[in-house]
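J.: Chains as they are written, first to last, in my numbering: chain B, 5 to 109; chain F, 4 to 218.
The set of hints was computed from the structure by calculation and includes no laboratory data.
Don't take each hint at face value.
To be verified - No farther apart than 30 Å at their CA atoms in a straight line, the calculated lysine-lysine pairs in the DSS-like style are these:
| id | chain 1 | residue 1 | chain 2 | residue 2 |
| --- | --- | --- | --- | --- |
| 1 | B | Lys8 | B | Lys69 |
| 2 | F | Lys14 | B | Lys50 |
| 3 | F | Lys14 | B | Lys46 |
| 4 | B | Lys8 | B | Lys92 |
| 5 | B | Lys50 | F | Lys170 |
| 6 | B | Lys7 | F | Lys170 |
| 7 | B | Lys50 | B | Lys69 |
| 8 | B | Lys46 | B | Lys98 |
| 9 | B | Lys98 | B | Lys8 |
| 10 | B | Lys98 | B | Lys7 |
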Amino acid sequence: MSKKIFWFLLAALAVAALLGPYASSYPDGLERVAEDFGFLGKSEGKAVLQSPMPDYVMPGITDEKGATALAGAVGTLLTFVIIYIAGKAITFSKRMSRRDRYVRS
Amino acid sequence: MHIPDGFLDAKTWLSTAALSAGALSYGLTQANRELEDRQIPVMGAMGAFVFAAQMVNFPVAGGTSGHLLGGALLALTMGPWPACIIMATIVGLQALFFNDGGVTVLGANIFNMAVLAPLSGYWVYRLLNRVIANRPVKIFLAAWFSTMAAAAATALELAFSNTIALKLVLPAMLGWHSLIGIGEGLITAGVISYLTSIKGGLFLSIGRKAGESNV
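Isolated chain B, as found in the complex (with noise of 0.2 Å):
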């Protein structure tokens, strides 16, 4: 990984981790407009999945900013490493035809 990357990586863990426990408690616009017009309560026990850390806070932490930047550092590195194999697998057609050239010349 090039340096640009990992500095780049390290910049999105700092803003997760140190601006997101910072962040707006304020709803959202889709949950303001929900508010607004009283369909918020639709979603209430809705959810169909119990998510391992909901609303980006890292259970088992008292401390409510470190819970989030702990659940926030944790997606994020989650996010790279996820994409990585993605991006990974979508290329692998790719890397054999070019190998597969390279060994018939």
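Please arrange chain F on chain B, whose structure you already have, making use of the hints.
T.: Leaving out everything else, chain F in the frame of chain B:
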């Protein structure tokens, strides 16, 4: 703008899921054509940055907040179809691990934020290429529009689900997101300016893919 479970009816989330599946499978073949192996770590880092930035809600007005979507940011740096794949991964992770956006409505959230936002941002940028020379202004407008497109689609889906009347929800969603989109535009223009200012540039496809010559 992550729709939770319960807001959309079955016909709406099924049809948006079908649309998203179609767009993503086309996107995968396009991404395969465009991407080089060396760009994969860059894709990961850009995606990680967008995930992180999405956590940071900023207040907009009167007790409301917004956060970066990042669709235009990814589309202008990585190309529109790789951007779709990256965003879909992020939206999926958010639903599965962080309870942000429902699982039944994942197709709708992917359609709004991972298909419409990057593609509309990209195409608006290309259209503006013909009329505006100032790049940060073009980026700002493309990013602002991408937020509005995603907000309009969300409003339409809510209306199709009979959750709320279109004539109420469309102006409300567009109203709030016209403000949130200003944040989207400023962050997108700022980050891309920074990335292009790094010595030797960083992987950007904005020049090549968006039809500019001198980046």
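J.: Next step is simple, just say for each hint if it's right about the structure.
T.: Tested hints:
no., hint, verdict
1, Lys8/B to Lys69/B, "holds (29 Å)"
2, Lys14/F to Lys50/B, "holds (17 Å)"
3, Lys14/F to Lys46/B, "holds (17 Å)"
4, Lys8/B to Lys92/B, "holds (19 Å)"
5, Lys50/B to Lys170/F, "holds (26 Å)"
6, Lys7/B to Lys170/F, "violated (51 Å)"
7, Lys50/B to Lys69/B, "holds (27 Å)"
8, Lys46/B to Lys98/B, "violated (46 Å)"
9, Lys98/B to Lys8/B, "holds (25 Å)"
10, Lys98/B to Lys7/B, "holds (25 Å)"
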